[in-house]
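Residue numbers (this note's numbering), protein chains in the order written: chain A, 1426 to 1670; chain B, 1426 to 1670.
Do not rely on the hints blindly, as some may be mistaken.
Pairs count within a copy or across copies, as identical chains cannot be separated in the list.
To be verified - Mimicking DMTMM-like on lysine to aspartate or glutamate, the simulated pairs with C-alpha atoms at most 20 Å apart in a straight line are: (1) 1619 / 1572; (2) 1479 / 1609; (3) 1524 / 1596; (4) 1619 / 1579; (5) 1455 / 1618.
Just so you know, the hints here were simulated from the structure itself, not pulled from any lab data.
Number of protein chains: 2
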Amino acid sequence: MPRIVKHPELRREELLDHAQALFLTHGYDKASLNDVIGAAGISKGAFYHYFPSKEALLEALAGRFAKQALAGVQDIFADPALDPLGRLNALLAKSRQAKIETAAEAWALFETLFRPENLVLFHRINLAASASFSPVLVEIIRQGVEDGTFRTFDPEGVADIVMQFGMATHDVIAKAFASGSDADLDVAIEALEKRVRLYEIALDRILGLPDGSIRIGEPGYVRAAMTARRATLSPSAAAASQKSR
Amino acid sequence: MPRIVKHPELRREELLDHAQALFLTHGYDKASLNDVIGAAGISKGAFYHYFPSKEALLEALAGRFAKQALAGVQDIFADPALDPLGRLNALLAKSRQAKIETAAEAWALFETLFRPENLVLFHRINLAASASFSPVLVEIIRQGVEDGTFRTFDPEGVADIVMQFGMATHDVIAKAFASGSDADLDVAIEALEKRVRLYEIALDRILGLPDGSIRIGEPGYVRAAMTARRATLSPSAAAASQKSR
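With the hints as extra help, turn the sequences into a complete structure.
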């Protein structure tokens, strides 16, 4: 029987599908690389041809999520009714919507990144995810500078600041999950909502816009994104959380 | 002979002095915990009473550096000639001056933090260092909001953004040192200088001030801080660097 040779890009996507399914079922920390290799039905050597490690799988999954979040972003550029501020807000709304829609899955896959020992991996995966987002942001800021809507000498630098704002929420989220109590989650949600308001105004001003121009959050957004994690708790963890009330 | 019992705080400072001297002579990575314990002439058990690890020594040294950098900060608050913006600029000038004065020593001690594998330690040490700096910053911002000089609803949040700006330079610096060539160092210095200008204007605007109000850098500051590292190269490393040109 002739060996079936699949296109490498297709094979890579399939491996990611297997990894995602296993990580969703068992959690990233519990699923092993051998599980993924077994599910895909390939040799270890073939696997390493595509990914050097389990961490690289998670990084690639994050990249895929980021790309999905940006699907249809060309519509924003094609829409003649949108000025640069409208484009920026449409981009942020799209990213928000994607985050809410995929929140339960994303928590199941990426929650491990909020463990203190995984800070390096978080940093690496955040860079991978922002590699898709950042060029779009830079392009919109540049258009705004050109037509006089935005006022900055450094569009790339401002895009980096936006990415930093995202990174900086890591510690608040990590702390909320480390404790595991509902009261601490509420405190964390409130702190994050306040921080989102600060970042909105900071970004308005950094771009020379009146306060209230840019929408990073919307009412209920932070709570919806944070509480979507509950659904991903394993039955035993959910029971333990129930008991501790 | 009676055993000499030293005051714990004094003993702790002495341990830090020994660690600092050894790290400066041999480099943090090469000096071992046993070297420090041997130089201090105490038992391992006694050492662990003060510090849980070699990393904790580095963290404590960073805290000491930060405190030294803030020595005399009370003068800023006592000076009736300074308004909140004047105080903020005096604080930033003091921190700049301390960084330049201690730059060669600081590179010798903390350069290891810019290795990719030490990102977690960098993060931890940065938090320790900002624990001294942040409350002073918050106090000045609060005074400025009260007297109407600054315009923000979240002084703590703005102080956090300032700390993030500092953290965010990590990757640029790490990249510059990873390559080790003079050309890359020049590129990194230029990128950092541009970034400092962006952060100055961003902070002006976040606080509702006209562009050009806040001084984070000054001409030559970034270059002076970055090139101070050259003096800390060991003779063999300097020779290797010479050869590779």
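So, going through the hints one by one against the coordinates:
no.: 1; hint: 1619 / 1572; result: neither (31 Å within a copy, 23 Å between copies)
no.: 2; hint: 1479 / 1609; result: neither (31 Å within a copy, 32 Å between copies)
no.: 3; hint: 1524 / 1596; result: within (19 Å within a copy, 27 Å between copies)
no.: 4; hint: 1619 / 1579; result: between (27 Å within a copy, 8 Å between copies)
no.: 5; hint: 1455 / 1618; result: neither (32 Å within a copy, 45 Å between copies)
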